[in-house]
Amino acid sequence: MHSKNDTWQLNLSLLTLLELVLAYLFALRVPTEHQLWAGGFLVLLVVLTYLWRPLQSFILLAVGALASSFVYVWLAWNEGSASQLALIEQQVILIVLGTVTWGMGVYVRGFVEEARALRARTAELEKYSPQTRLLTLNEFKNEARMAFAIAKRRGEHDVLLRLTLRGFAPEGAGVRTSARLMSILSEAVVSSVRSDIDIAGYLPPNTVLVLLQNTDENGARIVVNRMMAALRKQPSVNAETLERDIAVEIVLLDQDGATFEAALQKEPESA
Amino acid sequence: MTLSTVVLIVTGLFWLMILYNVVLAVAGLVHRSRPVELHAPPSWPSVDVLIPAYNEGKVLFGTLDAMAQLDYPGTLNVYLLDDNSTDTTGAIADYFEGRLATIHHVHVPKGLPKGKARVLNYGFHNSTGDMVVVYDADNQPRPDAVTLLVEKTLESDRYAGAVGTVRTINMYSNALTRMIGLEFMMFQLLMQSGRWQLFKLGTYTGTDMLVRRSVLTSVGGWDEHALAEDTELSMRIASSGLQIPVVPSSITYEQEPETLKAWFRQRSRWLQGNLYTVSKTLHDPQLRGGANTFSILQMLSVYYVFILLLLVSDVWFVMGLLGRFTTPSSIPLLILWFETIWIYAAQISLATVSEHEASARNILFALLMYFTYSQLWIYLVLKSYILQVAGIFKKAEPIWDKTPRF
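One line per chain: the protein sequences are A and B, in this order. When we follow the working numbering, the leftmost residue of the first sequence carries the number 8, and every step to the right adds one. When we follow the working numbering, the leftmost residue of the second sequence carries the number 368, and every step to the right adds one.
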């Protein structure tokens with residue numbers, strides 16, 4: 008839903024390098040008496056980052072980093088303005104070191120597992136169009152090609168059903184298609200076809216394709232009637248109006264796939 | 368009083384306010400980090416979603432499409448309250464009304480005073496749901512947004528309703544929208560989540576908000592003269608002893624101004640509205656006291672004390688640069704400025720982490736905002752004072768200045 012963003016992707020190599028540089032600066036530039044409490048805080052941060060959830064340990068980091076401001080104002084007030092730059096330098100080292108330490112902790116603890124889980128989930132979801140729960144066009148084509156091979160071997164015939172939802176075009180604006188109405192149409196389609204035999208896919212922005220296997224035009228009409236009946240059952244829908252918005256096209260497919268490819272090439276109907 | 372004493376007092380006050388904001392930021396993070404434990408009620412109350420709209424043709428299709436995708440287990444009706452639009456607003460509303468039984472196009476009759484509050488009252492009086500939810504006409508809530516608000520509200524009889532979180536849909540369109548997006552994140556972390564965590568104080572933000580119909584009836588609906596009708600309603604609800612919990616997981620996306628001119632107009636209206644609310648609360652003994660005293664003190668501190676301190680700080684800085692003003696050597700000026708900028712940027716960065724929007728560019732913008740975006744507030748507040756005072760002298764109705772869409 009967002010426009011493009013530029014959020015961080017943590018890089019372990021970069022974090023490690025930064026950690027080493029900052030640890031060196033910490034040892035070199037931060038006075039020993041400050042190293043004691045700052046070091047203690049960093050150790051606590053590392054331990055709790057492994058024990059707590061990332062946002063909880065981040066609170067600890069935030070408290071430490073923000074509290075350091077008050078500590079350094081106090082120190083500067085007592086030590087005079089001559090050492091101000093040195094104090095700022097020390098504080099920056101501590102804040103960045105704390106942030107990088109937290110980042111590494113979080114990365115090591117959970118990011119790898121999370122990335123794995125997300126990749127598996129994404130791979131699963133990529134098979135489907137998220138809004139419609141239909142196969143994406145590429146998946147649909149792949150499955151359809153396999154179906155053709157089977158149909159050819161068995162000497163059967165398939166039918167392509169092309170259902171296009173006419174969009175809305177207010178004066179002076181482009182055609183818009185409602186995601187919700189597409190979702191309603193998709194649900195009706197999915198509930199009306201044989202889930203283990205027929206294949207349903209989404210041709211953006213407003214077309215649902217259904218490959219009906221081993222059937223004819225009459226069989227396709229039965230599916231269309233069943234789908235319209237499913238629409239009428241939906242309490243949230245004014246089915247009569249919505250039915251008028253749906254253009255139905257039945258394409259009898261030959262066994263070499265030429266009519267199928269031609270049907271897919273056809274521009275979707277708009278307003 | 369010596370110069371050193373004056374500087375010490377100003378610095379002390381400034382840092383007291385900074386400390387308060389730091390505490391709010393940490394409390395906000397604590398609130399956000401807690402797992403959401405909401406429970407489905409035995410039966411779901413009916414909900415009416417009110418969407419006031421005037422010439423919203425540019426954004427309304429996406430809005431109504433998002434409303435149609437709201438996933439609420441009970442009865443939910445969406446009322447598009449069309450305030451005599453002259454663009455395609457009506458046609459879009461008719462399109463959805465014709466196809467979805469839950470969406471209704473309501474023609475609001477002409478009337479005075481103009482503005483959102485009057486339109487909301489019309490919608491409120493012409494609907495019957497147990498709960499009233501408000502969305503602005505450019506909003507696209509997540510499907511579970513309303514359900515989360517209802518679940519939270521039903522947790523306690525002390526809850527008048529609930530308020531969710533607003534995110535910027537066009538945050539990365541340009542530098543201004545990015546800064547607005549960052550400001551929103553910070554506001555919601557500090558002033559919503561932080562205040563709720565510490566003081567059980569929540570304020571309606573005009574959208575993604577729910578009010579029980581019974582509460583709205585008892586407080587007399589929206590104040591039609593208020594430009595910040597959301598804050599004003601929150602004050603009256605607080606004075607009746609009820610609370611408005613903040614639900615960060617109920618999220619809506621809204622469009623923010625993409626030009627400075629539009630931003631100035633929008634923020635002037637908000638500030639004027641808040642000044643009206645401060646004035647109304649101070650003049651009404653029933654509204655004063657309890658939680659409202661605290662809210663008013665906070666508003667006064669932001670709109671009067673903080674702006675004054677910011678002005679003093681700027682003058683101090685410029686005079687220092689010109690060599691017309693010397694700071695007593697005992698004051699560590701450099702570190703004070705560094706810490707102020709760091710804390711400001713840190714608060715924004717904390718907010719971006721809590722909303723999974725942390726990035727190097729956002730942190731850089733947080734630093735830039737201190738010198739640019741924040742300074743514009745001085746002009747805005749001064750302009751709002753003038754408009755508000757002029758309105759009082761002329762005894763004129765405030766002008767509802769609609770935010771343009773992009």
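Quick caveat, the hints were computed from the structure, so don't treat them as lab data. For glycine and all other residues, C-beta sits at the position ideal for the given N, C-alpha and C. Keep in mind that a hint or two might mislead.
Looking from chain A toward chain B, a few residues come up when the C-beta cut is under 8 Å (computed) [unchecked claim]: (1) Ala72; (2) Ile95; (3) Met153; (4) Phe155; (5) Ala180; (6) Val182; (7) Leu188; (8) Val244.
Here are the computed distance ranges between Cβ atoms for each label pair [what the hints assert, rightly or not]: (9) Pro211/A - Lys761/B: 49 to 57 Å; (10) Glu26/A - Ala757/B: 52 to 60 Å; (11) Pro211/A - Ser680/B: 51 to 59 Å.
Footprint (simulated), chain A over chain B, 3 or more residues, beta carbon under 8 Å [to be verified]: (12) 391-404; (13) 459-469; (14) 738-749.
Status of each hint after checking the structure:
For alanine 72/A, the interface hint holds, since its Cβ comes within 8 Å of a Cβ in chain B; the closest pair sits about 6 Å apart. For isoleucine 95/A, the suggested interface contact is upheld, since its CB lies about 5 Å from the closest CB of chain B, less than 8 Å. This hint is violated: methionine 153/A has a C-beta 33 Å from the nearest C-beta of chain B, more than the 8 Å allowed. Checking phenylalanine 155/A against chain B by beta carbon gives a least distance of about 35 Å; that is not within 8 Å, so the hint is violated.
At a threshold of 8 Å, the smallest CB-CB gap from alanine 180/A to chain B is about 7 Å, leaving the interface hint in force. Evaluation of the valine 182/A hint against chain B yields a violated restraint, the C-beta minimum of about 10 Å exceeding 8 Å. Below 8 Å, beta-carbon pairs count as interface contacts, and leucine 188/A has one with chain B at about 6 Å; its hint therefore holds. For valine 244/A, the shortest C-beta to C-beta distance to chain B is roughly 6 Å, which falls under 8 Å, so the interface hint holds.
Evaluation of the 49 to 57 Å hint for proline 211/A and lysine 761/B yields a pass: the beta carbon distance comes to about 55 Å. Between glutamate 26/A and alanine 757/B the CB atoms are about 58 Å apart, so this pair conforms to the stated range of 52 to 60 Å. For proline 211/A and serine 680/B, the hinted distance range of 51 to 59 Å is satisfied, since their beta carbons lie about 54 Å from each other. Coverage of the stretch 391-404 of chain B by chain A holds. Counting CB-CB distances below 8 Å, 6 residues qualify, and the rule asks for three or more.
Coverage of the stretch 459-469 of chain B by chain A holds [criterion: at least 3 residues with CB-CB distance below 8 Å; count 8]. For the stretch 738-749 of chain B, the assignment as covered by chain A is violated, since 0 residues bring a beta-carbon within under 8 Å of that chain's beta-carbons and 3 are needed.
Checked against the numbered hints above, the structure breaks hints 3, 4, 6, 14 and satisfies the rest.
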